[in-house]
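**Student:** In this text, residue positions in the sequence shown follow the numbering used here: the first is 473, and each later residue adds one.
One or more of the hints may lead you astray.
Per label pair, the in silico range of CB-to-CB distance [what the hints assert, rightly or not]:
#1 Ala698 x Leu674: 29 to 39 Å
#2 Thr656 x Gln552: 57 to 67 Å
#3 Thr656 x Ala630: 35 to 45 Å
#4 Ala852 x Gln951: 15 to 25 Å
#5 Gln548 x Glu645: 42 to 52 Å
#6 Ser779 x Glu877: 17 to 27 Å
Derived by calculation from the structure, the hints in this document are not laboratory data. Where a beta carbon is used, it is the ideal one built from N, C-alpha and C, also for glycine.
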Amino acid sequence: MNLNRFRVGTRLGAAFALILAITVLIAVVGVWRLGSLAATSHDLATTKLERATVTQAWTNDIRLNWVRTAAALTTQDAAQIAKLRADMDATSATTSAKLKRLEELLEGGGADLLGSVAAPREAYRSARSALMKRKDAGEDVSAAVERDLRPLADTYTASLDALLKHMDRELAESQAQAAQAASTGQAILVGGTVLAIVLGVLTAWLVTRSITGPVQQAVASATAMADGDLAARIPVEGRDETARLLQALAHMQQRFGGIVSGVRRNAEGVATASAEIASGNADLSARTEQQASALEETAASMEELSSTVKQNADNARQANQLALGASTVAVRGGEVVGQVVETMKGINDSSKQIADIIGTIDGIAFQTNILALNAAVEAARAGEQGRGFAVVAGEVRSLAQRSAEAAKQIKTLISTSVERVEHGTALVDQAGSTMQEVVASIRRVADIVGEISSASTEQSAGVSQVGEAVTQMDQATQQNAALVEQSAAAAESLKTQANQLVEAVAVFRLEAGAAAAPAAPVAWNGSERRGPGRATNVSRLVPKPALHAARPAAAPARSATGTDDWTRF
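Throw the hints in and build the complete structure from the sequences for me.
**Tutor:** Take a look at the structure:
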């Protein structure tokens, strides 16, 4: 029988009602049997025992009176006779009272028992009265006593003995009935008590098992959930409170499993994302360090470029001074024609030196243009932070182109001047007419050299600005590197915490299919984030400018080489 269909209160009420009903039944039967026993005991104590007692006393009185009667009838002593007769009368009165009481006791039933005694009693009394009268008359009745009265007395006492035996038998039967009633009552009480105990124990066992079984199942399920086992099935049977408890536990297990599954998925997602972030930050840190290294190299290159530009400005000032000197010599040559040959030799030497210097300036302009191009490329790679640097690099490149153009013009002029100086000796006759042209050319050279000097000054200022910008970019890059290191440390901490969360959630065992399969951490490839064509480590070879002028004989070849380089560029 499935007791879980009924509520716990109903089961407990039914169990207690059954026990109470059995107890009431036992009490009713016990009261009934006790009432019967009480009635039997009352009848035994008040009627039958008293009847037997009265009958026994009556019999004793009759036997005593018989002895007195026999003595009174056989003795001749008047005083003794009087005393015996007085005792006999008193005993007879007592006997009459006992007989009357016995008749009262036998009114409810058994009055016919006295019928067997009445006839012997009357016969005995009649014979005794007759003998008493004969005795009073003076007749000797001793023989009649033995002959006539004794048999009647024996019959009378025998009837009384029979009546007493009957009374004793009834008393014994009543005692047996009382004992039987007591035994039956005891058996009923014991049997009812045993039955009540058995039914109570059985009912208590069934009710207890129907309650403790689901409760133990609930405890086991709660313990399993506490141990992290969310896959164990919770059986729910019945419609009682314990069934509702198990149903609530099953619902709680299902909800808890869903929560743990969601937490596990989210934790695994966080772990994967944190791993990607940590890997990305590590790669970003490496790239930032590479960028910082590249900026340091750029700063070094800018220092070299600044030194080169300063040297270029010094050369331009020297060229300007030389041009001024040449102009002075040309003016004086117009006044002193006689010294033209010696002066032309000096001009020839100076022109060769100027050609060498212009070749050097041409090389410096070419290198400056290359450096400006590299700076523009680096500014484009730097993005938003390198926009100002790109503008400055463009200006530097424009100045380098202008310097190159001026150097070309100066080279052309110097070549013409050298040719003229070489032919000066042969054309000394024409010196006077051409001196004015020489003076004008030298003045133009002075102007161009002045422009070169001004451009070199501006170029030096621009290079200084570029150096400051590179320094600022280097500082910003160092700050970015520090921030990237902090971000990498935070990402690593987040990764560690996410792994700890995954390990903490991993203790729960879910049903198959309750949670998605754990996502494997994505192997992050740092190369996927590099820009196209981005070098891992940037190293640049900056051409060193010539610090000293080459020999005059190498000027034509160097000029040709410089022209070819500018054409290719």
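**Student:** Against this structure, judge whether each hint is valid.
**Tutor:** Hint check results:
1. Ala698 x Leu674: 29 to 39 Å: holds (35 Å)
2. Thr656 x Gln552: 57 to 67 Å: holds (59 Å)
3. Thr656 x Ala630: 35 to 45 Å: holds (38 Å)
4. Ala852 x Gln951: 15 to 25 Å: holds (22 Å)
5. Gln548 x Glu645: 42 to 52 Å: Since glutamine 548 and glutamate 645 have Cβ atoms about 50 Å apart, the given range 42 to 52 Å holds.
6. Ser779 x Glu877: 17 to 27 Å: Because 24 Å falls inside the window, the suggested range holds.
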